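J.: Using the hints provided, position chain B relative to the given structure of chain A.
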Amino acid sequence: MARLVVMGGGVSGHTAATFAKKWLGSDHEVVVVTPNAQWNWIPSNIWVGVGQMKKEDVVFPLAPVYEKAGIDYRQAKAVSIHPDGKADSDTPYITIEYTGQGKEGQTEEITYDYLINATGPKLNFDATPGLGNGKGQLGDHTVSVCTADHAIHANLELQQLFEKAKTEKQKVLVGTGHGLCTCQGAAFEYIFNIEHEARKAGVRDNLEIKWISNESFIGDFGIGGLHIKRGMYAASSKLFAESLFVERGVDWMVGAHVNKVEEGKVHYELLDGSTGEEEFDFAMLIPPFAGVGLKAYDKNGEDMTDKIFAPNGFLKVDADYTAKPYEEWKASDWPRTYQNPEYKNIFAAGIAFAPPHPISKPMQSPNGTPITPTPPRTGMPSGIIGKAVAHSIVDMIKNGENAHIHEASMAEMGAACVASAGKGLTDGTAAALTVYPVVPDFEKYPGIGRDLDYTFGEIGLAGHWIKHILHHLFIYKAKLKPGWTLIPE
Amino acid sequence: MIKELVIYPDDRILACGDVRGFDESVGRLFDDIKETMDHHGLDALSAMQVAHPFNMFIVKKDGEYIEFANPRILQKSKPFEAEERSSYYPDVTAIVPRHEKLKIVYEDRNGNTCYMDADNDRHFAAMFEQMMDFSLGGTMLDRIDKKQKQRILDALEGKGLVPQVGDVCPTFSRKDYFVSFADKILFFMGLSLLTPLFKFEKTTVENIYMFDKIAFPSVLLLMAGFFVYAFYESKKYKQCSSCQVGNNIGVVIKRSVAAIAFAVGAYFLVNPS
Chain A
0 MARLVVMGGG
10 VSGHTAATFA
20 KKWLGSDHEV
30 VVVTPNAQWN
40 WIPSNIWVGV
50 GQMKKEDVVF
60 PLAPVYEKAG
70 IDYRQAKAVS
80 IHPDGKADSD
90 TPYITIEYTG
100 QGKEGQTEEI
110 TYDYLINATG
120 PKLNFDATPG
130 LGNGKGQLGD
140 HTVSVCTADH
150 AIHANLELQQ
160 LFEKAKTEKQ
170 KVLVGTGHGL
180 CTCQGAAFEY
190 IFNIEHEARK
200 AGVRDNLEIK
210 WISNESFIGD
220 FGIGGLHIKR
230 GMYAASSKLF
240 AESLFVERGV
250 DWMVGAHVNK
260 VEEGKVHYEL
270 LDGSTGEEEF
280 DFAMLIPPFA
290 GVGLKAYDKN
300 GEDMTDKIFA
310 PNGFLKVDAD
320 YTAKPYEEWK
330 ASDWPRTYQN
340 PEYKNIFAAG
350 IAFAPPHPIS
360 KPMQSPNGTP
370 ITPTPPRTGM
380 PSGIIGKAVA
390 HSIVDMIKNG
400 ENAHIHEASM
410 AEMGAACVAS
420 AGKGLTDGTA
430 AALTVYPVVP
440 DFEKYPGIGR
450 DLDYTFGEIG
460 LAGHWIKHIL
470 HHLFIYKAKL
480 KPGWTLIPE
Chain B
0 MIKELVIYPD
10 DRILACGDVR
20 GFDESVGRLF
30 DDIKETMDHH
40 GLDALSAMQV
50 AHPFNMFIVK
60 KDGEYIEFAN
70 PRILQKSKPF
80 EAEERSSYYP
90 DVTAIVPRHE
100 KLKIVYEDRN
110 GNTCYMDADN
120 DRHFAAMFEQ
130 MMDFSLGGTM
140 LDRIDKKQKQ
150 RILDALEGKG
160 LVPQVGDVCP
170 TFSRKDYFVS
180 FADKILFFMG
190 LSLLTPLFKF
200 EKTTVENIYM
210 FDKIAFPSVL
220 LLMAGFFVYA
230 FYESKKYKQC
240 SSCQVGNNIG
250 VVIKRSVAAI
260 AFAVGAYFLV
270 NPS
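Protein chains in written order, with numbering that gives the first Met the number 0: chain A, 0 to 488; chain B, 0 to 272.
Extracted from the complex, chain A is given alone in its bound form:
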């Protein structure tokens, strides 16, 4: 009997664990280690953040789902990896520290034959002074929609703001809280949902809403933007997004690195090196992501973290990490199997893998401050990678170490994205986009790096309905209800 340990129970880890267990059956063991008791459909957190959904609508308890699936669930955080075992044993293992199940604070070693690192990101609030509280948590000056609990807090603050806006002018600032953030899409959705709710609440006239982002142009979204073909013409995501900003009366500032947050004020540096301040009454700023801080040790207990992890804490996989200039970046730099080059039984999935470089054009201010979105590995690619990795490990378990390794390169993968711009059965709006490939391939598609015939999008009420249907569909799938395997990632 082989044991697969999956660290992380988010979109990628949950997908990997559940498919692996389904394919392996009871002959082999699948263990999931995640500090969370609940699974969270993160894309809907923005609706919790404006009071249009409750926390219960976007989360569900993991324990009964894993029990039904026959997965060994440990509510704990992974602390370290020991790929060579220890002095008296060659069996690799990880150490965990429980956060629930009545064992809070207890540590344990779990041996593994195969390991998937799907820990997702650490929300690195403290990378920007004032954005965090100095202890790794969200600070007092801004709100976040990165977790369901953050979103509840955001909504409470937002409702207070709306109350004040009935009698006086208020300013809302939404965007990214650091020059190296990713996940601009969530902030983009949140700002337009706030705008939508403000109109419904009758306080829009008293709200000044402003976007601040590390993208060098609106609509970059960390993937260098995209072009959406419509009949005889193609609209860039810049025009697409800018039109929405203009239509909704939302002001914007891009190329901004937020370097300090204070009560009611952010300090920023722009790509041209100039600095400034922006005041706010309510701010939601996405933090930068980092690895969760896992350590790796060799057989003698010596730290070898840098051997299997990149400096940002993400797991090294089969990518080309050679430093090279933007013009030499290739689609082939991106990983295909997500297998660690040092340890063939360790894989990464979702945000946990170290990307070789950004997707967007790298930019920095004259002061040397990098202001470039880091590449997104969330959503659809995250699920697809999780499933591919599970497939590879299952084949290795069943057919031996030389079994076929499945591939899911983001440079050969399309993705669909539905970005809400307001929730409502009859007055909702969302932009539905597809992009192919996620990572531009400038050799295959000279010029823009993408296939215009597979990159399209539309904005409107139907997009909102799609997003709402997907919300129910993916939660249904994650709960492993009948037919869950038929629902794509």
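I should point out that these hints are in silico values taken from the structure, not numbers from a laboratory. Hints are not guaranteed to be accurate.
[Claimed, not checked] In silico DSS-like links for lysine-lysine, alpha-carbon gap of 27 Å or less:
no., chain 1, residue 1, chain 2, residue 2
1, B, Lys-77, A, Lys-168
2, B, Lys-145, A, Lys-228
3, A, Lys-397, A, Lys-67
4, B, Lys-60, A, Lys-170
5, A, Lys-168, B, Lys-75
6, A, Lys-306, A, Lys-85
7, B, Lys-60, B, Lys-100
8, A, Lys-259, A, Lys-170
9, A, Lys-54, A, Lys-199
10, B, Lys-60, A, Lys-209
11, B, Lys-146, A, Lys-228
12, B, Lys-100, A, Lys-170
13, A, Lys-259, B, Lys-75
14, A, Lys-209, B, Lys-75
15, A, Lys-168, A, Lys-259
16, A, Lys-170, B, Lys-75
17, A, Lys-121, A, Lys-343
18, B, Lys-77, A, Lys-264
19, B, Lys-59, B, Lys-33
20, B, Lys-77, B, Lys-60
[To be verified] Restraint-style ranges between C-beta atoms, simulated for each label pair:
no., chain 1, residue 1, chain 2, residue 2, range
21, B, Glu-23, A, Lys-329, 20 to 26 Å
22, B, Glu-80, A, Asp-319, 46 to 52 Å
23, A, Lys-54, B, Ser-24, 54 to 60 Å
24, B, Glu-80, A, Thr-368, 33 to 39 Å
25, B, Val-263, A, Gly-201, 56 to 62 Å
Here the structure is a predicted model, which is why all the values come from computation and not from measurement. For every residue, glycine included, the Cβ atom is placed at its ideal position computed from N, Cα and C.
T.: Relative to the frame of chain A, chain B by itself:
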């Protein structure tokens, strides 16, 4: 080398990407763009407009040719409306919302990062923003009202006249009420011609014929009303293609002829006497 200008409609204007490597070909293309601008007397020209899918363009400012590669607008303020033309859409002039104050970052022909704060030069700002539209997969028409854009595109395809600056044609006209009402009456007049196919009582047939006798002059009156109102609108919106007199006469003749035909038909087929 003077390049051929891309003129609407042309697939080559669809999309472009950032310049990734700065070798001598970038400088050569900038030189060609400049030569083409001089040849055609243009104040700005993008690589897209000479069929090179790269995010680069030249804009004239105070007689100087400024070369922009991979430009980005970080901040913009002081909105104004610019009257713009483009070599891509010959004979089209449009009022486009632009911003006078721009904070710009871009690269020169050697890939060096440059910065510019543009202010108090509306012509330059409008040209720069129009070039940005091209470089990111759009045109100036993407900045104007969608219906106005569609009217311009229709006109470029030979359907109607190109709307002129300042011409605002309502998307719905009250004269359409006249047409809509007349169409409904005509529908029932046509339906009444089927009366002989059914064995109605005599009083019913008399009532149907009475309807026809009232409906016929009503349609003519509605068409007269339509024509008068359309004439008024054509004065108010002088370049509105949908208000053209020819169209209006066509609408009147078509429905009047139909009303006469139905009335004659009713006289012979429905008339109980």
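J.: The structure should be examined with respect to each hint, and the outcome stated for every one.
T.: Each hint, compared with the structure:
1. B:Lys-77 <-> A:Lys-168: holds (21 Å)
2. B:Lys-145 <-> A:Lys-228: holds (17 Å)
3. A:Lys-397 <-> A:Lys-67: holds (23 Å)
4. B:Lys-60 <-> A:Lys-170: This hinted pair is violated, its Cα atoms lying about 37 Å apart.
5. A:Lys-168 <-> B:Lys-75: holds (22 Å)
6. A:Lys-306 <-> A:Lys-85: holds (17 Å)
7. B:Lys-60 <-> B:Lys-100: holds (15 Å)
8. A:Lys-259 <-> A:Lys-170: The hint holds at about 18 Å.
9. A:Lys-54 <-> A:Lys-199: holds (22 Å)
10. B:Lys-60 <-> A:Lys-209: Violated, at roughly 31 Å.
11. B:Lys-146 <-> A:Lys-228: Roughly 19 Å between the alpha carbons, so the hint for Lys-146 of chain B and Lys-228 of chain A holds.
12. B:Lys-100 <-> A:Lys-170: holds (22 Å)
13. A:Lys-259 <-> B:Lys-75: holds (23 Å)
14. A:Lys-209 <-> B:Lys-75: holds (13 Å)
15. A:Lys-168 <-> A:Lys-259: holds (24 Å)
16. A:Lys-170 <-> B:Lys-75: holds (19 Å)
17. A:Lys-121 <-> A:Lys-343: holds (25 Å)
18. B:Lys-77 <-> A:Lys-264: holds (23 Å)
19. B:Lys-59 <-> B:Lys-33: holds (10 Å)
20. B:Lys-77 <-> B:Lys-60: holds (19 Å)
21. B:Glu-23 <-> A:Lys-329: 20 to 26 Å: Given range 20 to 26 Å: holds, Cβ gap about 22 Å.
22. B:Glu-80 <-> A:Asp-319: 46 to 52 Å: holds (50 Å)
23. A:Lys-54 <-> B:Ser-24: 54 to 60 Å: Holds, at about 56 Å.
24. B:Glu-80 <-> A:Thr-368: 33 to 39 Å: Roughly 36 Å apart at Cβ, these two residues keep to the hinted range, so it holds.
25. B:Val-263 <-> A:Gly-201: 56 to 62 Å: Once the Cβ atoms are compared, 59 Å apart, the range 56 to 62 Å for Gly-201 of chain A and Val-263 of chain B holds.
Violated hints for the displayed structure, listed by number in ascending order: 4 and 10.
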